[in-house]
Amino acid sequence: MANPVTIADVRHVASLARLGLSDERADVLTRDLNTILEHMAVLGGVDTSGVAEATTASGTGMPLRPDGGAPIPLLEPPAAFAPAMRDGLLQVPRLATHEQAES
Amino acid sequence: MSANASGIAAAVRSGARAPRAIADEALTKAHAADERDQLNIFITIADRYARDAAAALEGDAARHEAPLLGVPYVAKDNLSVTGLPVTCGSRILEGYVGPYTATAIERMTRAGAILVGKTNMDEFAMGSSTEYSAFGVTRNPLAPTLVPGGSSGGSAAAVAAGIAPIGLGSETGGSVRQPAAFCGIVGVKPTYGRVSRYGLVAFASSLDQIGVFGRDVQDAALAMRVIAGRDDLDATSADVAVPGYGARAGSLKGTVIGKPREYFPPELDPKIAALCGAALERLRALGAEVRDVSLPHTAMAIPVYYIVAPAEASSNLARFDGVRYGLRMEGDGLRGMYEATRSKGFGPEVTRRIMLGTYVLSAGYYDAYYRKAMQVRTLITDDFRKVFASGVHALFTPTTPTPAFAPGSKSDPYEMYLSDIFTCTANLAGIPAISVPIGRVNGLPAGGQFMCAHFEEQRMFELSFALEAALGAEAHR
Amino acid sequence: MSAENREPSGVRLSQSRTPPSTEYEMVVGLEVHVQLKTRTKAFCRCSTSFGDAPNTNVCPVCLALPGALPVLNAEAVELAVRAAVGLGCTVHETSIFARKNYFYPDLPKGYQISQFDRPLATGGRLEFPVADRSTTVGITRVHMEEDAGKSLHDRFPGATAIDLNRAGVPLIEIVSEPDMRSPAEAGAYLRALKQILEYARISDVSMEEGSLRVDANVSARRRGETRLGQKTEVKNMNSFSGVERALEVEFARQCELLERGGSVEQQTMLWDGATGQVRPARAKEGSHDYRYFPEPDLPPLVLEAGFVRRVRESLPELPAERRARFASEYKLTAYDVDVLTSAVAVADYFERVADRADPKTAANWIMGEVLAALRASGQAIDEFMVRPADLAALLGLVASGTVSHTAAKQIFAVMAAKGGNPAEIANAQGLLQVSDDDQLRRWLDEVVAEHPREAERLAAGEKKLQGVLIGAVMKKSKGSADPKRLGQLLAERFGT
Numbered sequence: 642m643a644n645p646v647t648i649a650d651v652r653h654v655a656s657l658a659r660l661g662l663s664d665e666r667a668d669v670l671t672r673d674l675n676t677i678l679e680h681m682a683v684l685g686g687v688d689t690s691g692v693a694e695a696t697t698a699s700g701t702g703m704p705l706r707p708d709g710g711a712p713i714p715l716l717e718p719p720a721a722f723a724p725a726m727r728d729g730l731l732q733v734p735r736l737a738t739h740e741q742a743e744s
Numbered sequence: 004m005s006a007n008a009s010g011i012a013a014a015v016r017s018g019a020r021a022p023r024a025i026a027d028e029a030l031t032k033a034h035a036a037d038e039r040d041q042l043n044i045f046i047t048i049a050d051r052y053a054r055d056a057a058a059a060l061e062g063d064a065a066r067h068e069a070p071l072l073g074v075p076y077v078a079k080d081n082l083s084v085t086g087l088p089v090t091c092g093s094r095i096l097e098g099y100v101g102p103y104t105a106t107a108i109e110r111m112t113r114a115g116a117i118l119v120g121k122t123n124m125d126e127f128a129m130g131s132s133t134e135y136s137a138f139g140v141t142r143n144p145l146a147p148t149l150v151p152g153g154s155s156g157g158s159a160a161a162v163a164a165g166i167a168p169i170g171l172g173s174e175t176g177g178s179v180r181q182p183a184a185f186c187g188i189v190g191v192k193p194t195y196g197r198v199s200r201y202g203l204v205a206f207a208s209s210l211d212q213i214g215v216f217g218r219d220v221q222d223a224a225l226a227m228r229v230i231a232g233r234d235d236l237d238a239t240s241a242d243v244a245v246p247g248y249g250a251r252a253g254s255l256k257g258t259v260i261g262k263p264r265e266y267f268p269p270e271l272d273p274k275i276a277a278l279c280g281a282a283l284e285r286l287r288a289l290g291a292e293v294r295d296v297s298l299p300h301t302a303m304a305i306p307v308y309y310i311v312a313p314a315e316a317s318s319n320l321a322r323f324d325g326v327r328y329g330l331r332m333e334g335d336g337l338r339g340m341y342e343a344t345r346s347k348g349f350g351p352e353v354t355r356r357i358m359l360g361t362y363v364l365s366a367g368y369y370d371a372y373y374r375k376a377m378q379v380r381t382l383i384t385d386d387f388r389k390v391f392a393s394g395v396h397a398l399f400t401p402t403t404p405t406p407a408f409a410p411g412s413k414s415d416p417y418e419m420y421l422s423d424i425f426t427c428t429a430n431l432a433g434i435p436a437i438s439v440p441i442g443r444v445n446g447l448p449a450g451g452q453f454m455c456a457h458f459e460e461q462r463m464f465e466l467s468f469a470l471e472a473a474l475g476a477e478a479h480r
Numbered sequence: 002m003s004a005e006n007r008e009p010s011g012v013r014l015s016q017s018r019t020p021p022s023t024e025y026e027m028v029v030g031l032e033v034h035v036q037l038k039t040r041t042k043a044f045c046r047c048s049t050s051f052g053d054a055p056n057t058n059v060c061p062v063c064l065a066l067p068g069a070l071p072v073l074n075a076e077a078v079e080l081a082v083r084a085a086v087g088l089g090c091t092v093h094e095t096s097i098f099a100r101k102n103y104f105y106p107d108l109p110k111g112y113q114i115s116q117f118d119r120p121l122a123t124g125g126r127l128e129f130p131v132a133d134r135s136t137t138v139g140i141t142r143v144h145m146e147e148d149a150g151k152s153l154h155d156r157f158p159g160a161t162a163i164d165l166n167r168a169g170v171p172l173i174e175i176v177s178e179p180d181m182r183s184p185a186e187a188g189a190y191l192r193a194l195k196q197i198l199e200y201a202r203i204s205d206v207s208m209e210e211g212s213l214r215v216d217a218n219v220s221a222r223r224r225g226e227t228r229l230g231q232k233t234e235v236k237n238m239n240s241f242s243g244v245e246r247a248l249e250v251e252f253a254r255q256c257e258l259l260e261r262g263g264s265v266e267q268q269t270m271l272w273d274g275a276t277g278q279v280r281p282a283r284a285k286e287g288s289h290d291y292r293y294f295p296e297p298d299l300p301p302l303v304l305e306a307g308f309v310r311r312v313r314e315s316l317p318e319l320p321a322e323r324r325a326r327f328a329s330e331y332k333l334t335a336y337d338v339d340v341l342t343s344a345v346a347v348a349d350y351f352e353r354v355a356d357r358a359d360p361k362t363a364a365n366w367i368m369g370e371v372l373a374a375l376r377a378s379g380q381a382i383d384e385f386m387v388r389p390a391d392l393a394a395l396l397g398l399v400a401s402g403t404v405s406h407t408a409a410k411q412i413f414a415v416m417a418a419k420g421g422n423p424a425e426i427a428n429a430q431g432l433l434q435v436s437d438d439d440q441l442r443r444w445l446d447e448v449v450a451e452h453p454r455e456a457e458r459l460a461a462g463e464k465k466l467q468g469v470l471i472g473a474v475m476k477k478s479k480g481s482a483d484p485k486r487l488g489q490l491l492a493e494r495f496g497t
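Protein chains in written order, with our numbering: chain A, 642 to 744; chain B, 4 to 480; chain C, 2 to 497.
Derived by calculation from the structure, the hints in this document are not laboratory data. All figures in this text were calculated on a predicted structure; none of them were measured in a lab. Be aware that a few hints might be false.
To be verified - Cut-off 20 Å, straight-line C-alpha distance, at most; resulting in silico cross-link-like pairs (SDA-like, lysine to any residue):
no.	chain 1	residue 1	chain 2	residue 2
1	C	101	B	369
2	C	236	A	736
3	B	389	A	687
4	B	347	A	669
5	C	101	B	366
6	B	413	A	675
7	C	151	A	724
8	B	347	A	661
9	C	151	A	734
10	B	389	A	688
11	C	101	B	367
12	C	151	A	727
13	C	101	A	697
14	C	101	B	374
15	B	347	C	104
16	B	413	A	673
17	C	101	A	656
18	C	38	A	711
19	B	347	A	734
20	B	389	A	698
21	B	347	A	668
22	B	389	A	693
23	B	389	A	691
24	B	347	A	727
25	C	151	A	732
26	C	38	A	708
27	C	151	A	729
28	B	413	A	734
29	C	151	A	736
When you get a sec, could you build the whole thing from the sequences and use the hints?
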């Protein structure tokens with residue numbers, strides 16, 4: 642199906658997923674992913690031409706809700722469980738000015 | 004606790020037993036299981052919560068007819084309950100207390116049931132042994148050197164140990180049926196959409212369902228009836244009426260039971276095969292016809308499952324980032340915070356699956372992996388559809404290829420994944436499935452599984468009642 | 002080409018350096034995000050109201066608490082389909098939501114619920130005037146998605162502050178074909194788009210308030226070239242004129258680069274309105290990988306049979322129709338129609354006045370007094386103290402001769418400041434027009450006595466001094482004298 646996973650791939654994927662990986666973790670994961678994906682290779686041999694991807698559709702389509710009603714209540718406001726809040730605002734380490742959302 | 008759920012409810016209704024005494028008894032057993040017997044079943048034993056709920060029940064005439072009046076139960080720790088910690092077996096939710104309650108839990112409460120504790124589980128439901136919990140392994144009450152199965156191992160163990168007659172767990176690839184089989188109890192996975200997922204911490208959204216453990220089929224059916232039904236808070240929950248699952252059929256004449264050959268491979272443990280054979284004999288004796296059938300894409304199930312589930316999980320677990328709740332670790336700037344939090348907070352199996360899931364969704368790989376897997380998933384579903392359309396009413400298979408194993412014995416992650424081989428097909432197809440005890444293998448419980456067409460839980464329970472009754476005490480020998 | 006040309010004889014031809022931008026053509030496509038005017042958010046029942054205390058319009062769903070699930074708002078679908086129909090799109094009976102995965106602190110789930118390869122609508126067009134001609138821009142697609150929260154980078158030192166009130170507000174994204182060729186065209190497109198969406202009543206479409214946001218894609222290519230050049234994305238504009246300026250600046254940058262033999266890099270540029278410059282957004286490792294996949298928590302959206310037809314039939318009157326109707330029904334000039342229909346709130350106001358008063362008079366008063374008053378006070382017409390019924394009543398008083406035009410302006414000023422009923426104000430301020438000849442003659446006598454020289458000159462034939470005397474009577478009578486009758490009386494008296 643696809644080429645073996647390299648450690649560079651693993652570092653790239655870890656970055657996408659915001660998982661900090663130590664070097665040895667990265668090594669182990671490279672091996673693990675390759676082992677696991679080898680087992681997936683069998684899918685390549687299945688003829689899926691014209692086959693639709695599975696959906697969670699039940700045949701009647703998505704149920705909608707009316708535009709109103711009381712909001713879902715929270716036992717406590719966000720301040721009760723937020724790791725860092727000030728003046729009602731959530732706080733995170735400052736992004737560099739105009740840092741764009743990264744993939 | 005030898006009384007089953009309906010027995011307890013009847014006793015409370017008649018005044019023979021009081022909810023607080025029942026709750027106290029369950030709490031005492033819960034503490035003993037963990038403190039004395041070191042079973043490590045619970046993450047939180049909800050002493051005050053349970054006692055308050057029991058007290059509220061006393062004198063609440065409005066709930067007199069409630070089906071689970073005073074019945075204690077346990078819930079897997081990935082179900083949100085207001086006022087109790089919700090850990091999902093993970094460090095990343097350290098300090099997080101549920102600020103809202105899952106619909107299934109609300110329904111149990113309305114039915115008069117008393118929650119006594121939140122049970123241990125594989126972290127974020129990723130595992131088949133409860134070894135991947137950040138809170139240690141749970142022991143199998145019937146064989147304490149072995150695992151209870153997973154990921155809902157804690158709930159299964161609680162029911163098997165007699166702490167409560169009913170337990171709630173969750174299913175993504177077999178996480179209720181497999182521990183039920185390992186612990187010698189009944190475990191049910193409903194049709195996808197049968198039970199609301201609102202408040203169930205998501206692992207793989209297109210596969211997850213809340214499942215039920217019971218000491219017997221009747222208790223499991225009772226609990227399933229309570230929690231099933233459409234919920235406006237879950238757009239994937241089905242608008243299909245919930246029948247009373249307690250009704251039993253008489254004879255099984257006219258019922259066709261399929262025996263899929265792919266679930267009885269030559270390498271299947273002969274003792275398990277023999278137990279399944281004996282179970283099928285019982286069903287024949289009741290009038291059922293047993294027919295050989297084939298589900299040709301069965302061998303694709305594990306590869307499909309281990310692409311689809313991690314992919315959805317990698318997205319569902321992105322919210323655990325230290326910003327709004329749970330663990331936050333400092334790092335170099337914002338990215339450093341994300342990485343430090345997630346590397347400290349997630350265990351190795353969760354990390355592995357997030358990596359796998361992210362990889363199969365990433366640019367260049369999406370078509371070859373995720374899209375392909377979702378197409379093969381349709382073929383797996385079609386296999387079932389064709390068989391059910393051909394006049395087969397239910398399928399019968401072993402629940403697991405082996406009985407309970409020792410912790411640490413499956414070091415190769417893929418080997419661990421193979422424990423799901425007979426169960427994950429039902430999750431992929433969205434069909435209901437149940438595991439019932441069918442005997443012992445070297446003294447360890449073994450489970451047999453029924454699978455039916457979408458929303459055919461009624462039929463599934465009927466067959467399970469019949470088999471349970473026919474096997475009697477043999478199921479536990 | 003600014004090359005030196007040397008004739009064989011050695012005479013150097015003058016270097017005519019053509020500005021690069023006339024050799025290069027600008028190609029622009031715009032992505033516009035519009036907040037839909039629903040009461041609750043896209044996927045939960047939290048209020049969408051703007052300006053509430055931070056993190057108070059939140060719930061398990063929009064906070065992305067573990068275990069929460071999205072359920073789509075029916076009104077958001079209705080408004081989105083209305084917008085798509087208004088833009089001439091094909092609305093698809095079945096569309097699919099997808100997860101757009103990326104990490105950002107104002108994106109609680111770590112993914113945005115959006116639509117990817119099966120959007121709500123495709124294939125529309127917008128026709129609009131630019132300068133003195135009409136042009137059409139294709140609409141590639143309209144899809145539904147949810148808004149993120151707000152990040153405030155300068156609120157606390159060393160930290161970014163997040164408010165999730167806005168997280169989950171329903172949006173539509175309108176993507177145009179790369180059909181625009183100048184900043185003016187882009188500006189005109191945006192103004193026409195805003196007008197249509199405003200008339201369709203699906204959004205406040207205010208860039209200032211953030212209910213309309215624009216990202217521009219711009220590239221440069223040699224004139225005559227059919228292939229598209231490498232585009233960049235320009236963000237962070239907060240007005241239509243800002244968009245026009247940003248396009249001009251970025252285009253110039255690209256042309257200069259190409260002129261030098263360089264190539265345009267695919268990147269995001271940020272507009273800085275204060276300095277009038279663009280600069281690259283912080284460098285990212287590689288381009289975005291959003292890992293789109295169908296949203297498993299939401300089955301496909303299937304619009305029931307007849308839904309789109311019903312939306313089309315109940316579509317509010319769109320600008321083109323309104324303009325045509327104003328011209329024919331109220332017999333207004335093209336200029337009047339343009340001014341009165343440029344904002345739907347003004348058009349609505351006009352109609353309510355024109356229902357009960359002479360349309361042309363109403364038009365003049367609105368284009369004149371009303372808009373001037375609004376400009377001075379900075380109010381929106383919906384907040385204006387003079388309600389349509391009041392203005393109509395005032396115009397009625399003038400038409401019946403009960404107050405003079407001058408008095409009416411005074412009454413209007415009072416109404417604009419504090420509201421009120423025009424007849425009552427006229428009464429209270431003694432502005433009821435006096436047409437009683439005896440009173441008028443008495444005032445005339447006084448004024449003539451006070452202005453003897455002017456009266457002489459008028460008597461001698463200088464007709465224009467009539468205005469001065471009438472003006473004096475108007476002042477003396479606080480505007481209540483009937484100027485027309487005064488004129489007649491003066492004429493009688495002085496034989497003019």
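Could you work out which earlier hints the structure fails to respect and list their numbers in ascending sequence? Those not satisfied are hints 24, 28.
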